[in-house]
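Visitor: Each chain, letter by letter, is given below.
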Amino acid sequence: MFAVCMDSREERLSDHTTFEELVLPHLDAAYNLARWLARNPHDAEDVVQDACIRALKYAGSLHGNDARGWFLTVVRNAFYDWLGRNRPAELVHEDDEVIATRIDPSSPDPQHEALRRADLHALADAIEALPLQYREVLVLRELEEMSYKEIARIADIPIGTVMSRLARARGLLQRSPVLQEMHGHTLGASDEVH
Amino acid sequence: MKCTDASILLSAYTDGETSMLQGHSVKRHLQQCGNCAATYEQMLALRARIRAEAPRHSTPPELRARVLATLDAVRASTPAPVRPRAANERWRWLSGGVLAGCAATVLAWVVGTAVIDWRANEDLAVEAVNMHVRATLGNQLIQVASSDRHTVKPWLSARLDYSPPVRDFAQDGFALIGGRIDYLDRHPVATLVYRVRNHTIDVYVRPEMARAPPSALRTVRGFNVAHATGSGMDWLAVSDVNPDELTEFVRKLAREAGAP
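Same order as they appear, the protein sequences are chains A and B.
Be aware that the first sequence starts at 8, since it is given in the numbering used here, and climbs by one per residue.
Be aware that the second sequence starts at 18, since it is given in the numbering used here, and climbs by one per residue.
Please keep in mind that the hints were generated in silico from the structure rather than gathered at the bench.
Possibly wrong hints are sitting among the right ones.
Anything over 10 Å on all C-beta distances counts as not near chain A; from chain B, calculated [as the list claims (entries may be wrong)]:
1) Glu70
2) Ala71
3) Val161
4) Thr168
5) Ser174
6) Asp178
7) Asp185
8) Pro224
9) Ser248
If you want the footprint, here are the derived chain B segments under chain A, 3+ residues with CB under 8 Å [stated by the list, open to error]:
10) 59-68
11) 191-204
12) 236-246
13) 265-273
For every residue, glycine included, the Cβ atom is placed at its ideal position computed from N, Cα and C.
Please put together the full structure from these sequences, using the hints given.
Guide: Have a look at this one:
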């Protein structure tokens, strides 16, 4: 922190160039991630603005070719800080096993009923209803098309966790009513693999 | 392999993220087990639906303008340390002057790109990415907007000393949206612009060069660069779409774009 404050003007100017050349081109990726995490455009804009300020400040620490991954990490951190300030209730950091039990179809817990609700009309609604930890890996994988290794670095989790969260996210989506029309009665079979 | 093991790996298998050994076992299991094969099919269908129905959101223009204005404000500010709150307030009072900020930023960008050009010529892939970025940021992605090869091809040919093959691959998900002329490696080059799931792909097409082509695939500043030769041309694709798909697409272009 101290080092940042004591930067000379010249060094900061070069950081601005780094930001403009390396980070700004990935603004769409940043907004897309923030939009899916925050689930509405207004909050997503706040998150991206905050992320840009941070990225400007720390652009000097960006090395190598992973500008997109670096920026998305900054966006994700900005989002979690925003969440802590604005919707702390959603910030409960949960164990994957706990989430899995809570959203188990046989579990009566109403809190994650969202995913099984019949009024989900679009696949996008079903994705928004996914628990945050699953939603972020799914968006990074399917919409940002990043590798497990890159996702692991951004979400700060082991690659094995990326793999299991993605598998669960997909399992949940396939059970959602939106997908039923697609699978018809074969749906039950897909849930229980023996 | 048992179904329980397969079910854990299936999702990674659809992502091409299993080891070669795991991939082989999954493949063999899918041939033997109808249940898992059905699950696999559903996963592929789910991916197709996510990509078709869940939008990759684009930055609202007002947000982009605000970010650019902030960059300017911060750049113009005194050497005093930049605190997030101060910058936030600046955003608010600057929102009235966003237009002026934009104009200044465009100017800064033009000057900035001259520097990029000078520095990047050492490497074709870096240069290609710079061009892609510049076109995207400067809203100059497309000079001739059309999905019709009979419009794009003559437009490009009239401005070049060669005639690049042009083809729409919308049926494969890669829709041709237009073209432009760029300068790559100190020569005018045809750029074909494709769109796939809200990602942009720039493809630079030029007559095949005698010297060694760039390596097949690289990542520069978070963008993937894939290269192929075919139909007498060099094809260089730049995008943030995933590397496997980009490589496959550029090879397909090199192979099929020249076909009648």
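Visitor: The structure should be examined with respect to each hint, and the outcome stated for every one.
Guide: Verification of the supplied hints:
{"no.": "1", "hint": "Glu70", "result": "violated, 4 Å"}
{"no.": "2", "hint": "Ala71", "result": "violated, 5 Å"}
{"no.": "3", "hint": "Val161", "result": "holds, 23 Å"}
{"no.": "4", "hint": "Thr168", "result": "holds, 27 Å"}
{"no.": "5", "hint": "Ser174", "result": "holds, 30 Å"}
{"no.": "6", "hint": "Asp178", "result": "holds, 31 Å"}
{"no.": "7", "hint": "Asp185", "result": "holds, 22 Å"}
{"no.": "8", "hint": "Pro224", "result": "holds, 29 Å"}
{"no.": "9", "hint": "Ser248", "result": "holds, 27 Å"}
{"no.": "10", "hint": "59-68", "result": "holds (count 8)"}
{"no.": "11", "hint": "191-204", "result": "violated (count 0)"}
{"no.": "12", "hint": "236-246", "result": "holds (count 5)"}
{"no.": "13", "hint": "265-273", "result": "violated (count 0)"}
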